Each structure stands twice: as C-alpha cells, then as structure tokens.
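Engineer: Build out the structure end to end from the sequences listed, making use of the hints.
Keeping their order, the protein sequence lines are chains A and B.
Mapping of the first sequence onto the working numbering: position 75 corresponds to residue 80, and the numbering continues sequentially without gaps.
Mapping of the second sequence onto the working numbering: position 6 corresponds to residue 167, and the numbering continues sequentially without gaps.
Since the hints were derived computationally from the structure, they do not count as laboratory data.
Because the structure is a prediction, the values reported are computed rather than measured.
For every residue, glycine included, the Cβ atom is placed at its ideal position computed from N, Cα and C.
Take these hints with a grain of salt, some might be off.
What the hints assert, rightly or not - Covered, in the sense of this in silico footprint (three residues per stretch, anywhere, with C-beta under 8 Å from a C-beta of chain A), are these stretches of chain B:
| # | stretch |
| --- | --- |
| 1 | 235-241 |
| 2 | 341-348 |
| 3 | 405-413 |
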Amino acid sequence: MTIFSRRRIAVAAVTTALLAASACSGGGDDKGGEAASNELTVMAPLFGTAPDPNGELQQAVEKLIGKKLKVTWVPNAEYGDKSNVTLASDKIPDVMVVNEKSPSFVKAAEAGAFWDLTGKLDKYPNLKPSNEQTAKNSQTNGKTYGIYRVRPLLRSGIVIRKDWLAKLGLKEPQTTNDLYTIAKAFAEKDPDGNGKKDTYGLIIPKWPGNYASASPYDVVETWFGAPNGWGERDGKLVPGFDTPEFLKANEWLRGWVKEGLVNPDFATLDSANWNDPFVQGKGGMIIDVNVRATQLLDLFKEKNPKDFDKVTLVGNLKGPDGEKHSYPFTGYNMVMAISKQHVRTEDQLDQVLQTLDKLESKDGSILLTNGIEGRNFKVDGQYAVPLNQDDPKVKAIQNDVDKAFIQLGTRASVGLGAYALRPNDEASRAMREKFDVLMNEDLKTAVFNPALSIIAPTAVAKGQTLDTIIPDARIKYLSGAITEEQLKAQIKRWYDSGGTDIVKEVNDLSAKAGG
Amino acid sequence: MATDLVPEVVQPAADSSRPAPAAKRTRRARNLPRDLFRYRWLYLLLLPGLVYFVVFKYLPMYGLTIAFKDYVPFLGYSGSEWVGLKHFQELFTGPDFGRLLFNTLLLALLTIVFVFPAPIVVALLLNELRVNVLKRSVQSLVYIPHFLSWTIVASLTYLLFSVDFGVIANWIHGIVGGQKTDYVAQADWFRPLIVLQLLWKQTGWGTIIYLAALAGVDSQLYEAARVDGAGRWRQFWHITLPAIRPTIVVMAILTSGHLMDSGFEQIWLMTTSLNRDVADVFDTFVYYIGITQGSFSYATAVGLFKGVVGVVLIFGSNLLAKRLGQRGLF
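Structural biologist: Structure below.
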C-alpha cells in the first residue's frame, strides 16, 4: 500500500476522468483554409494493403503535384458504407472518390457540402471531359459534382468454355437462340465427358446491385429489346422493367432455371466465388464484364500451364426480334468530388483543381497506373513491362500502384490511357485485343440509359425500400417462387410505394435538362 | 459432491436478510453525506466507471435529437431543421412497419421458445453427468461456437446447406428424395435456419451461468432428500429447479430487453432476394436506411423506437416477475 498511496490513487482517478472528458470534447477543431493549402486530403478505395505514406510511389506523386498528399484508403468492399458515414461526419476530405448518384452524396451536395464543378473544368486541360456521353452520364440532374474516373464505355460480354464448344461441335453464338442451344448442350450433352449429367450452362451469382446495375439479367433484358434502366415509350420515359420485353426476357431465363441450365444456387452464390464453378468445370458460361475472360484464362493457366486456352469471349447477341441491342456501361466509375469543408473560396478551389490537373497529366497518369519508369517497369512500344519484381522495394511500388494509386486516376485505368501491361502469353494478348474489337462493334448498337444523370427526389428519400422490390421480384420469378401475375403485382407495388412519383419526376427533370 | 462429508454452512434464507425497505431508504438518505465522506475512496474508485458510462453511454444520447430533425450532416446538429415527430409518423404509417414488427417479434418469440431454454436443458443434463472428465470436455466443446464470428457461421451454413454442393442438403435429399430444397434461399427455411444457428452458436456459452448456479446448490439438500426417499426426478423437481429459478428469472428479464434486437450481422448475412420478405427486421432496416441510404434522422427514429420498446419490456417483465413472487432484477 506504500507505493499506491491513497493520494496517488486519487490523482490517478481524477486524471483518468479528465482524460476521458477531454477526449469527448475533441474533434471540433478546424484546420482552417490556410493551413490546408500545402496538403491535400483524399479518400479513395483500396484493393489490398494500404500504401506506406512515406513510400517511394507516394513521394514521387507528391513531388509531381508539389503538395503533401494525405490519403484515407478504404477497402473497396466497405467503400459505400464508409463514404456514407464520412459524409455524415465533420471530417470530409478535400477530394473524395464517391458514387455521385448515392442518396447520401446527392443530399450532401444539394445542401452545399460539395463544389458544383459545372462549366469549371474546361480551364484545366487534363480534367476537361474527353467524352460527351460519359460526361453526361456522370452528371446529377444537370450538374457536374465531380471529375469522372474513366472506364471503357462497353465491357459486357459472354465468357464461354472454348473446349466444351469444340467438343460438342458448336459455334460461338450470334443470337439468344444460339445461346440457349449452347446452354442446353452444356447441361445435357456431357461436355466434360465424365459420363455424368453434372454440368450446367450459365453461372449466375447472387447479385449485389439493384435493377439496372449491369447484372446478367440486365444484359439479357437489353438483348431482348428492353430499355437499359429507363427508356422512351410513347414519348414518355418509363422504367425498363415496365415493358413487355422485360417480361419476355425473364420468362425465357425462367425456362433456363427450370430446365437446369443455370446453377441451382444462383440466388445465393457469392459473387466473389463466381469464377469457381467455371474453373471447376461445373458450368460453361458467364455473362459479365470482358476482363473476366482474362481472369479465367489466368486461373486455368494456374491450374495447368500447358493446357489453359479454354476460354473464349463473345460480344452482345441478337435478340428474338433479329436486332442486336448491346448493353453499354456508363464509361466511368465514381467521380472525384471536392468538398467545401476546407476548400472555401474560388481561389482555393482553383488551387485544388490545378493540383488535380497535375495529378491527371500524362506523367501523373503513368505514375498512377504504371508506377515509376525504370524502377518497377520499362516501356516496350505500347506496353509496360514489369521490372525487378523480386526486389521487395520494387514489389511495394507495384503493389501501391495496382491496389491503391490507380484509383486516383481519372483519365487512365485498366487498359485505358498510360501503358497497358504486356500480356504474359499469346492467349491473353489475343483476348485483350478482342476487348477493343468487340467494344467498338457493340457500341454501334449500344442502348444508352437516357435518364442516367437524373436523380428523382423521391428516389433519394425512399430509394432503399423501393430499390429492392424489382430485383427481388425478378429473382423470385426466375426461381419459380412467384408467377408472372405476381411479378406484375410487384411492379405495381413499386409504382404504388412511390414509383409513380419517381416516373413523374424523372420525366419532368429530363425535360428540363433538355432530354 | 454428494459424498462430501464436511458439512457446509447453511445459507440463510435470502429474504430474512432484507430489512424493511421503507425504513432503510430514509436512513440512507439522511446519512448520505456522511457515508460519502466515510467511503470516499471507494466512491473515488467508482468514478472511472461512472465517467465511462456518462461519456460513452449518456452523452452520445444527445445525438438522439436528430430523430426529431431533418439531419443534414453539412448543417450539423444545431443547423438542421426541427421536424417534430415526422420520422416516427413515417415509420408507423409506412408500408414496411407491419412486416418489420411481425418479423422481429416472430423471431423473438422463436428465440424465447427454442433458444432461451436450451442452455438450461443442457446445463441440467451436464449437471447429471457423474464422470467429471466427460462433463468438462463436453462443456468446453459446446462453448467453442460462441467464439466464431457470425460471418463464419453464415459461411458454414451456406457450405452445409447449399442446394448445389451442401453436404447436409445432399444428405437430406438422399434420405427424403424428391426435389432438392434450397434451404439457404427459400423464405420458409429462413427462420428455422436462424434458430438452428443461434442454438448451435449460443447454447454452450449460455450454460456457463446456469452451471455456476447449479454448483452453488447445497449438497446436503440432496442428501436429506435421498434420506427421505426422493428419487432422481423428485430431487430435480424440488431442489435443482427451485435453486436455479432466480437465475432463470434474471436471465429472462435481461433477455426481454433484447426482444427487438434480432442480431444484425446474423440476419443480414442470411438475407437473400428470395427471403427478404421474412428476413427484414428493425436492425437490418436501420442499416439500410441509415448507412446505405443516408437517411440518418429516420434511422435514428427507428433505433429510438426500438430502444423505448426495450426499456418498456425490461421494466414490464421485472414488474411481472415481482408480481409472480420472484425477486426481480431491480
């Protein structure tokens, strides 16, 4: 008891109490505009381990932009949740990679938490939108709240087991009918030759997104002639699911499920395990983005480096009406928005935009997408060739590029801008080249969503309860849990729970935005 | 324990140690300043705990005010507009309320009927085991699932019950035949699976407190009963059960406060497009509208409603317990 005298304990207890009290009063301090000017705070998604803030790559980037960079890297899986929580806090970073259509961002932006960049970007050569359609897609009710991060405008495709096609003597599909024939053959004609009927045609996972989110269902509906999200019918914009083509496409797919042409666990298969049944030889087709083809190729190569050329990629298909309708993508993935919390004046905004302009310059894009030339890669014609990957320091640079910094690029991305990575083998090179050929071909028949930039206030207020109605009903219908009548009743339920207002608002806002 | 020859001190009956409450209260009030001074060091020791509760449990309650505002983060707590009971009105008249309440209460009912008694039964069964090694190893084994996260439990469930490759699903299919049932996706199987998961994960852990209560039963009582000719069943009915009754009552009261908590992680992980109608509960609803949708005020209103119901239930069941002649929690 001599060491811990009573007085000492008393002092300790009071200190504890004070510490706890002061901890709660913290957080209110404000950095102020001036202090922040030589530092840029950013929030961006992360696909692996976070880069070292003093790492070689970060230092190179800081040298280029002439400012200290403070990036909050958030794992991609929880990026949506984390951005919503960040938007609710008083710690919004200066530059935030954000989904500009998410209700909480729209609310925050409309309340004035972010800069309206409409018409302000043309001054900056590297921030100026390079594609009209994409620029329009990334707007929110006619306003530009961020600099879009470019992606290929069309990535949809069908990945098919090449060796199964050859074994069964089938050709690559051109029409939806061809696709059905192939699926049927994959399910019933024993493509793996083990004498058992243990395969299926198409693999579909539990889709994490809602309606019109590039799911296999959305793509098939577009092939059948349904609008992509929203479409004009009788001079009015209607949601894509309120069209006969939507019902027809799903009736067709329902037949697939019933006949066992689709994996039986399509409602629950984790989308992270989407490749597994394909590589394991359980299913032979995936409708998804084209890069899945190279992914699968790599997986087959891992399994058997001598015999891996088992994947082929096919573009969009002709529907039952004999016409081809292709499913385009939005051309971007999230935008970089600038918060008003620390960037208060137009001058400060100009400074931030100038910094970003440097970041997105040619040199910046190469830093963000390829790394440091001569350190982790060298240039060989149009390709980047990895260098010294056995050196742990170089490996760290490569990791920082691939898993993190590439996310800060708005003009360069996978296969766009900067240098493309030189493919490892002939098969992947051929596949990569196919991407552009198929994209340019399919873009001719792309069905764009005319209401992509329009956000109805009712959708912001009630979106969460409305958004699940249609995709849930679709899955239930496909699985046979409900009839077509009940599916129609669910569509009516969507209208009754606020959809009617959304349709009206979308039409009004779209007329105001000039189509 | 039964062969223990050393007589233990007979515990005084609990009620005899309680002085008349009214008299004690006035005396306590009068002596409060003096007691405070006299036990000042003890009170000082209490301080950190008190501060913890004030700082982390009571002060944040200020945030509940946004349930009555249209909270826009950019405008802050004070800048957002007061809207009164708008969000509560929206909740109670909204299209989801009935379904959410039904799902939440039904799950709570299933939990009370199947999950609450399970640890009691297991504890009683373990208590009857006479081979100590067996008893202890079983005890340790049934604890283990408690330490697994819900993510792992959900993944295991998918692995075991998946319609494509689920071991148990295929096994049942082999016995029953007919069409394959998709246990993890179908709405009809959602609640049974939730209850099964809860039983598997929580039963073992729950036995600890009952086993502790059972260990405190005076072995002389059993000896006396045996002398009087009581069999195993009689001993159980007249000694064991009354001995752990207070524990059961306290646990029941504590559980009642969580009636509206369905366990967010578990439900959220098990929700699919096919079972959402039966899976949506208040906990997941708060997540969807608050975190996903960004309607912070509405989500807070739902959470506050849940909290109020929880408090009412705790007080209600405490009162009920007292009415039924048990010693309540407070």
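Engineer: With reference to the structure, classify each hint as holding or not holding.
Structural biologist: The hints, checked one at a time:
With 3 residues having a Cβ less than 8 Å from any Cβ of chain A, the stretch 235-241 of chain B passes the three-residue criterion, so the hint holds. Closer than 8 Å: that is the beta-carbon criterion, and the stretch 341-348 of chain B has 6 residues meeting it against chain A, so the requirement of 3 holds. Requiring three or more residues with a Cβ within less than 8 Å of a Cβ of chain A, the coverage given for the stretch 405-413 of chain B is violated, as only 0 such residues are present.
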